[in-house]
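Spelled out from the first residue to the last, the chains are:
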Amino acid sequence: MHELSVCGSIAGIVRKRAADRRVTRIHVRVGQLRQIVPDTLAYNWQLVVAETPLDGSVLEIEHIPGRLTCRDCRSESEIGDFPLFLCHSCNSYNVEVTAGEELLVVALDLLEA
Amino acid sequence: MGRFHRHSDGVVHAHDHGSDDEHHHGDHSGYATATERVEVLERIFDENDRTAAENRADFAAHGICTVNLMSSPGAGKTTLLRETLRRLAAEVRVGVVEGDIQTSLDADRLEGFGAAIALVNTGDGFGGECHLDAPMVRSALPRLPLDALDLIIIENVGNLVCPAEFDVGEHARAMVYAITEGEDKPLKYPVMFRSVDLVLVNKMDLLPHLDFDLVLFRANLRQVNPTAEVIEISARTGLRVDAWCDWLRARVAANR
Chain B
0 MHELSVCGSI AGIVRKRAAD RRVTRIHVRV GQLRQIVPDT LAYNWQLVVA ETPLDGSVLE
60 IEHIPGRLTC RDCRSESEIG DFPLFLCHSC NSYNVEVTAG EELLVVALDL LEA
Chain D
0 MGRFHRHSDG VVHAHDHGSD DEHHHGDHSG YATATERVEV LERIFDENDR TAAENRADFA
60 AHGICTVNLM SSPGAGKTTL LRETLRRLAA EVRVGVVEGD IQTSLDADRL EGFGAAIALV
120 NTGDGFGGEC HLDAPMVRSA LPRLPLDALD LIIIENVGNL VCPAEFDVGE HARAMVYAIT
180 EGEDKPLKYP VMFRSVDLVL VNKMDLLPHL DFDLVLFRAN LRQVNPTAEV IEISARTGLR
240 VDAWCDWLRA RVAANR
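Protein chains in written order, with numbering that gives the first Met the number 0: chain B, 0 to 112; chain D, 0 to 255.
Because the hints were derived from the structure by calculation, they are not lab data.
Any given hint could turn out to be false.
Listed next, the stretches of chain B that the computed footprint assigns to chain D, with coverage defined by at least 3 CB atoms under 8 Å from CB atoms of chain D [said to hold, decoys possible]:
| id | region |
| --- | --- |
| 1 | 19–27 |
| 2 | 32–45 |
| 3 | 68–77 |
| 4 | 85–98 |
Chain D is faced by these chain B residues, among others (derived, beta-carbon under 10 Å) [to be verified]:
| id | residue |
| --- | --- |
| 5 | 16 |
| 6 | 81 |
| 7 | 112 |
In this text, a Cβ means the ideal position worked out from N, Cα and C, and glycines have one as well.
All chains should be modelled from the sequences, with the hints used to inform the complete structure.
Here is the structure:
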């Protein structure tokens, strides 16, 4: 639901890093636990950049599945599509999230000047 | 008009599908003009988190403890706040940052209890925000007498998704959960329930009229947040609101 403000933040980062160069693609990494719907993010990107110098740029979204490490038995588990913070080996809920909270702009593709 | 779509590799993107003859699905290297890839690796919430750190520093400089209060719409945040101010305002100097998408209705309900209230309408701009972020909270601070406060309660926008994502500079997070919402909510909104230090289980006065299973709710909560404190309350009848006020007093005392 906060995809619009996330797009605004992405646009701010892109403008700062690209300076006046033409941006063709923005590579972003979004963890499963950031509660962002990729299609909604891509759609909102169009709204945010419409009629700006970023109009026509492509948002490429890399989805990172959630993973966790058990604090009791140290084994690793997937969090799964329906998020469960449960160790698959020993059924402990005493777990630490090790992936899935990413939310970053990884790289920009800029037209050669 | 651009379109967005998902490729088989899970990548979703938006771009023009006009008369772009250079574009072929499955091959995104075929742009007519050469591009240069520049590594950025910048966290998207960096700016929010920098502002949150500024807020936190200001709170520390004034010796203020700050609690971010979150819930779904209608769980009882404002009623609880009113009962909290009624009990606390004589001994603890309280400020309230009141987030509301469109109206001042909630802020109006809190007038007259001796607390300083700063309203942040999040409805300005593009569609209205569903949460408070650190810059919004920062914008409210000049309207609060920071030198004369011990505690700021930030009443976030009613929403179980977005507010969990934004650090606003608070010292602790509490949420109001109403038993009318059903036992499954911790499993459906695990990010919110995981992010809080305290869950206030509200509307306990309605328990005799509902099929609500408190044991199941607590088990579901433990699945996503094994360490959160839980206080069962009724903001309407005042049941155990004093226990919540004690929790706030302890936070304020620890912050001094």
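Going down the list of hints, with the structure as the test:
| no. | hint | result |
| --- | --- | --- |
| 1 | 19–27 | holds (count 3) |
| 2 | 32–45 | holds (count 10) |
| 3 | 68–77 | violated (count 0) |
| 4 | 85–98 | holds (count 3) |
| 5 | 16 | holds (5 Å) |
| 6 | 81 | holds (8 Å) |
| 7 | 112 | holds (9 Å) |
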